[in-house]
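Chains as they are written, first to last, in my numbering: chain A, 1266 to 1571; chain B, 5 to 108.
There may be inaccurate statements among the hints.
Heads up, simulated EDC-like pairs for lysine to aspartate or glutamate below, C-alpha to C-alpha not over 20 Å straight-line [what the hints assert, rightly or not]:
#  : chain 1 : residue 1 : chain 2 : residue 2
1  : A       : Lys1312   : B       : Asp72
2  : A       : Lys1303   : B       : Glu26
3  : A       : Lys1433   : B       : Glu7
4  : A       : Lys1433   : B       : Glu9
5  : A       : Lys1326   : B       : Glu73
6  : A       : Lys1267   : A       : Glu1340
7  : A       : Lys1303   : B       : Glu73
8  : A       : Lys1303   : B       : Glu23
9  : A       : Lys1471   : B       : Glu95
10 : A       : Lys1303   : B       : Glu9
11 : A       : Lys1326   : B       : Asp96
12 : A       : Lys1433   : A       : Asp1368
13 : A       : Lys1296   : B       : Asp77
14 : A       : Lys1288   : B       : Glu9
15 : A       : Lys1454   : B       : Glu93
16 : A       : Lys1454   : B       : Glu26
17 : A       : Lys1312   : B       : Asp89
18 : A       : Lys1296   : B       : Glu73
19 : A       : Lys1454   : B       : Asp77
20 : A       : Lys1287   : B       : Asp77
21 : A       : Lys1288   : B       : Glu93
22 : A       : Lys1296   : B       : Asp72
23 : A       : Lys1303   : B       : Glu93
24 : A       : Lys1288   : A       : Asp1270
25 : A       : Lys1522   : B       : Glu73
26 : A       : Lys1322   : B       : Asp72
27 : A       : Lys1322   : B       : Glu73
28 : A       : Lys1522   : B       : Glu9
29 : A       : Lys1288   : B       : Asp33
30 : A       : Lys1471   : B       : Asp72
31 : A       : Lys1303   : B       : Glu97
32 : A       : Lys1287   : B       : Asp89
33 : A       : Lys1471   : B       : Glu7
34 : A       : Lys1287   : B       : Asp72
35 : A       : Lys1454   : A       : Glu1501
Please keep in mind that the hints were generated in silico from the structure rather than gathered at the bench.
All values reported here derive from a predicted model rather than from experimental measurement.
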Amino acid sequence: MKYSDYYAALGVERGASAEEIKKAYRRLAQKYHPDVSKEPEAEARFKEIAEAYQTLKDPEKRAAYDALGQRPQGEEFRPPPDWARQHGGGGEGFSFDDLDFGDLFSRFNTRGAGFQRGAEASAPGQDFEVPAGISIEDAFNGTTLELQLSMPEYDASGQLRRVPHQVKARIPPGAIDGQRLRLPGKGGKGFNGGRAGDLYLDISLKPHARYRAAGHDLFVDLSLEPWQAALGATVEVRTPGGTVNLKVPAGTSSGQKLRLAGRGLPRPRGTAGDLFAVAQIVVPAKLSERERELYEELRQLHTEGA
Amino acid sequence: MTESEALWLDEHRVVSLSELVEISGLSRDELIELVQGGAIPAREAQGASYTFSARVVTVARTACRLRDELGLDVSGMGVALRLLDRVHELEDEITRLRALLPRG
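One chain only, chain A, in its complex shape:
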């Protein structure tokens, strides 16, 4: 495992008082809390800060942490063999395999059982929140995500281990950006008969070459020749559900939205969103001789008419 310098994470001296540690945490948490922060890397930074604070705020955990000595951040190391026993009584043959540094303290039982599960009250398993980016096609058709997670868990002998978890989650059609989904019981295992935690998926839609999504509605650019816009036309528009014919009314201007009702993303219940084709009149960069004549004619017509 890799050593984490918790004092450096909070920006305090190793001899800092409990009050100083709390103040440093509060100040950094305000800045990096992922629910409110727009700082880059806020989530990762907050995790470090929170992990450091969870350990340093508790006198017993802090003592156990200090006993590991000071090392460079990220240095590969293993706790000394008798460390678990000295700090809370981890039993014979305690193994640090398959554990992250943070796991050493996150389930540290301060009432005597150390790193081993005590015969204590049951507790629910940990909830996990996982970001999941999906394509607009997957949002339209529904999809199955295979998630590879790693969760701290107690094995049959009561030892804490990090166990890989695979979860196959069926996402029904109609997910939108910012949609949350819940998989009850798919989070961490409960302790001593407590209920399993839940898994939350935080859906985001990946940028798409053609579609722009806003809620259940989709927007596409619709390139029109000047004469199509002026005279009207029937054009083909690709939608996630297939190609449809769109009747462009005569006298369409750039920026006008032409609505294809129900051609956006489906709603789990209720009517689907709409697809809007946003007209863009594209003027040819080069005109043929004949085209130039016709445009000249148009100009004359307008100059005379004015």
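Following the hints, complete the assembly by docking chain B onto the known chain A.
Then chain B, alone, in the frame of chain A:
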């Protein structure tokens, strides 16, 4: 590996006050205060209790994180939730306006 159907956290699913307490980690009293303060919308009051759209599960979990990780009290949570809601509304509005712009 069995496949699990993910549940929508949307307005079509209803959760009770006690379910929300269990899922969010907030206490019953905190939730009631946040509902009465208008930061968490309830669907309807059923006698002394409430039911909610499952959409608020995310909101209540956010409140719980703000309490545990930033030390906010109920009025702090209430203010933060209202501001976050406003930010999300504005972000949605920007997304919609941007979607109208040609890709160019």
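Practice task
Find the hints from earlier in the document that the structure breaks and name them by number, from lowest to highest.
Solution key: 2, 8, 10, 11, 12, 14, 15, 17, 19, 21, 25, 28, 29, 30, 32, 33, 35
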